[in-house]
Amino acid sequence: MDPIRVHVIDDHALFRRGILEILSKWPEVRSAGESETVDTFLDSPMNQAVDLLLLDLSMGEGLNLDRLPEIRARLPELRVIALTMHNKPVLVKKTVNAGVQGYVVKQSPPEVLRAAVRRVSEGGRYLDPELSESLYQLILDPSRDDASGYAALTPREQEIFRLLAEGLSAELISRKLFISKKTAENHRFRIMQKLGLTSIAELVSYADELGVI
Amino acid sequence: MTYGLAPLHLDQAGLAASVRELAAEHLRRGGPPVDIEELGWDESRLDPDTRLVLYRAVQEGLANIRKYAGAGKVELRLVGSHPYLILSLRDDGRGFDPRSRGGPTSPGGGGLGLALLERQVRSLGGEYSLESRPGAGTRLQIRCEPGKERPWTPSAST
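The listed protein sequences derive, respectively, from chains A and B. Using this note's numbering, read the first sequence as starting at 1 and increasing by one per residue. Using this note's numbering, read the second sequence as starting at 1001 and increasing by one per residue.
Errors might be hidden in some of the hints.
Claimed, not checked - Computed Cβ-Cβ distance ranges for the label pairs, DEER-style:
(1) A:Ser134 / B:Asp1049: 36 to 42 Å
(2) A:Ile179 / B:Asp1042: 32 to 38 Å
(3) A:Arg74 / B:Ala1024: 55 to 61 Å
(4) A:Met85 / B:Ala1136: 47 to 53 Å
(5) A:Asp66 / B:Ala1115: 47 to 53 Å
Said to hold, decoys possible - Negatives, chain A to chain B, calculated, CB over 12 Å:
(6) Asp2
(7) Ala13
(8) Glu21
(9) Pro76
(10) Gln158
(11) Glu159
(12) Thr183
(13) Asn186
The hints are simulated quantities; they were obtained by calculation from the structure and are not laboratory data. Where a beta carbon is used, it is the ideal one built from N, C-alpha and C, also for glycine.
With the hints as extra help, turn the sequences into a complete structure.
Written out as structure tokens, the structure is:
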């Protein structure tokens, strides 16, 4: 079997070298270089010779995460394992939804990464066992998912939530906040979705319960 | 208003923990139970003046509820609603008729403490409202911008 060609993207040089050092000990893997950023990787012609990408997600809030659709569009055959400090269920969910095949937390021992690399290169998927506890809790009690609920609203959504509760239409909100009506409607949709509400009457009653109107 | 020294722990413990402590103290003094919910804001973005005024508001509001309201339950909410942090303190007590409010010192009208509080909130650029109806409880709401830069004004020093 040909060795799996693995490339590492991480903004910390020491970390990249460390990972490559570990990979070099595994006969089934061959290093296919390292990049500091997604851009460097995408600009390099050698990205055609990569089977599997180890992608760091710790560069700010979801910065590399947002690049995943682009990576997938440009290199549809490439398989991706997210390598990250974060183990919050909400981020795992977001990352998996963005189309990675594996998720490994940086705190894990090298054997975990090795298992992930094998599994994903064979066409499978892999979640770090380290995540079991938090994902288990999430299944038991979905309300703990911080992707939903009031705490998950962005500042803009908080503001629009209040204005909707005060009785403003999407049209009026768009004029007040200098955004398009379409944008205001999209916000309204997202807010209702995050809060699990189905009508403006429910929204008003929830806003009253929160004391914001 | 209860003009003790500023609580020493407020800056360290933060507003959320400190108001929980006030609610516990309120219960020990025989007040009705307080249901607390705080959501959607960040302690680190709260400036110290705003934190202190909101703390005083809860302290004063709970004291009034114990003295006048005869309430069975109290709801305290501290909720981020951009660009504001909104404090809402609601009781199901006997309430009062705001039109008959003789002045800031009339019982049930809030007392001197609330009148001072209102001035402090406004000096921070915030909004203050006290709503009540006889038999329908009382509701105090304060909206302020948590980290707002504001020019110094003489009233801010009161």
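Report the numbers of all earlier hints that the structure fails to satisfy, in ascending order.
2, 10, 11
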